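Build out the structure end to end from the sequences listed, making use of the hints.
Sequence lines, in order, name chains A and B.
Note that the working numbering gives residue 250 to position 49 of the first sequence, counting from 1, and the numbers run on in steps of one.
Note that the working numbering gives residue 436 to position 419 of the second sequence, counting from 1, and the numbers run on in steps of one.
Hints were generated in silico from the structure; no laboratory data involved.
Heads up, none of these hints are tricks.
Listed next, the stretches of chain B that the computed footprint assigns to chain A, with coverage defined by at least 3 CB atoms under 8 Å from CB atoms of chain A: (1) 20 to 31; (2) 58 to 70; (3) 242 to 248.
No experiment lies behind these values; they were computed from the predicted model shown.
Cβ coordinates follow ideal geometry from the N, Cα and C atoms, glycine included.
In case you want the letters, here they are:
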Amino acid sequence: MSKTIFCIDDSATLRMSVEMTLKGAGYQVAQATNGREGLDSLLTLAGQGKTPDMIIVDINMPVMDGITFIQEIKKTQLKYLPILVLTTEREDSMKLKGKKAGASGWLLKPFKPDTLLAVVRKFTRSLA
Amino acid sequence: MDDKLIQIFTEESQEIIETLEQGLLNLEGGEDLELINAVFRAAHTMKGNAGIVGFDDVVALTHNMEGILHEMRKERMKPDAEVVGLLLSAVDALKVMVDSQLAGQTMQAPEEIMSALERLLEPEAETTPVKEPASPAAAAPVPDSPGTGFSDEPKQYKISMRLDKDILTTGNDPLLLLLELGEIGKVNRTICHADDLPAYSELTVDRLYLWWEIYLETAEDISVLDNVFIFVADEGDIKIEELPQGAEASAAQPEARPKPASQKAGPTAAPEPKPAHQPAPPATPQPPANPQPEPAPASAPAPPQPPPANNTQTAPVQKPAIKPAAQAESGQPRKTIPTSSTIRVDTEKLDKLVNLVGELVIGVARINQLSEGQASDELDNAVESLDHISRDLQEQVMRVRMIPVEGTFNRFQRVVRDLASELGKKIKLQMSGIETELDKNVIEQITDPLKHLIRNSADHGLETPEERSLAGKPETGTIWLKAYQQEGKIIIEVEDDGRGIDHNKVLAKAVERGLVEPDAQPSPQQAYSYMFQPGFSTAQKVTEVSGRGVGLDVVRQNIEQLRGSVEVTSEPGAGSTFHIKLPLTLAIIDGMTVRIGDEVLTLPLLSIVESIRPKVSEIKSTDSTDEMIEVRGEYLPLVRLHKLFGFPTERTDPSKALVVIIESVSKKFCVLVDDILGEQQAVIKSLEQNYQEVEGIAGATILGDGRVSLILDIHGLEKMAFA
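Okay, structure coming up:
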């Protein structure tokens, strides 16, 4: 059974590049375009017993940003899901915010496919 | 580079560029923080995307744009006309750059735009702290006092960084950490320990065998250093200690206040100093840094070499988005750029879906016909409900292809802005009905005609500010762009409050051009319709704007190709309105089915004026190939469809058959058919895709009884018959 990664980013280009990277390695990829949509969609999926294995989320997004998303998801039954922040934000203060909110990792855009795969493998393995 | 990725990038870039353009136009003069945020995000996303596909010049340009928008976000810069103008020209450059990149040519951002953007950014960079405005040390310099934990005095830190051997497989890179440290302060010395390095034969590339000791001089608090290691704290042994000031000979502070070494960060956080490693000899060739610390932001040590993606422009903290509901309550008009949740579907897939559903509907109609003879109530009920469902399905599927006109309309804001400055007029564009939905194909093809009409209104319709003042009108002319649905059609109107059109002048011109007989007495409405004839132009002089040899006839032709129509009404002195009527979709046509021999043809209802059976006396022929029908004094050429397409039929005498009068862009003519069968909505199937293109035929449709009917293309037909 292949693992599913849930990718939240307002950039379709980014989502596509994540999808191509991960699908090539046998992962399923589900998507949302902002934190609010991601949150709703994740909860719906969870209700159908289709909880993904990991979340990849951007910081700068319309409607609901990544930090708020992490804070919100941590209030739900999905709080144990590993969350990788994939962003251009490299400020320490922002990383600290992410860490405090409950992010499990931080990767800068643009990413190297191998690096992303390595991180995803690490996070999904530890939960398997 | 992967084509699919590039395709997504291209599509998204177009959207982003539109968002940028639209946002910037709305931004001008105002100070809508939500909107600035939206525009900022667009630039930010563009930069990120360009990075993914490796368009570095686009990254560089958007980086600077982002920088300026960031300054606006921080309310350190106002979106005045100058800045917005500059950003708009940057957006233009962006379009060209993306296009040329896609064509395989690297193109740099125009130098003047780049330098103008940089000039705008520079003074800011000097007055604002280069790094981390959130840091208390930089934001509000606290005079050095013991115990505050904040100090603008450089401190010496020793960091030992021992990361887990498999850290490389977690996406962390020690080099990045080292670089980050370099941004915080001055690295006086870095020691790389290679004692764990195995024999070459045992070396594995994804394992880390090295560890480091870094001697860093910075005014930042130790917590700032801790933050660098946030995501590796659990995956290694990180020790950070503050060295007593005296430990570094370079720190010649008169008030050197030794502090106890604070330690932290690693899970093993052991405070003991490591005597095993030499305590940073000052033997480094570095000159002593900051002998006279100043309590100004400038003393926050600038990173020696900030990497390009990290300086003032990096957005520190994105404010959590205001909840849309809360904003709606505030009652102010929202200028926010809406983000709707969508998925991208190839239009080809949609076309197939539309086609299949069309066939389904026809299939159901056949079952319906067949069931009629069966005298079974149950069957009738089942068929009826099937019929109902399939029609609903068809409607929904059609709706999938529909998109709001908003995107297209919004583009015209820019067109009008540019036109106004080009023509030296004051013009305001007012839009309504932007949520009106149209078939995607129709929207794409209506853009150019609409642009032309808007240019036309701006150029010929609206007067100069002086003329308007004299006429007692407000100096600013208004162009209205309206869309709405009426009787199953979409209506788009381009209206202006300009000088209007004098129908007598139009008539005079039409006579002069030989488009109409000198003694004709047309109604004003008919006179206006001459404007759409080929070769007509009322422009006193050909201007740059609406000249270009493209007349209203082309507009009309484009619109009629969409099976729409256009007409104009005007009130001299008060303005004119161009009134465009469009079908909801191109996939369905209102047709009239006619019979010729055994063939059933479908004529587009929109082109049909009337149908008559001429009397023998009304059939005039100059010779055998050139026949005319006299219709109430008007002589119309007759096209024999049976001859044109080679369909055998017995009814070749017009007085025993029927002629359908058709009006196309340029002329009225008659076509000869055996009989008229009725009106019906036809789902168009393309011949090109299923067979090959055939002149005079727009496509085919399947009739209720399963037979195929060809749909006539009026333009093609005209060409065939009269060319």
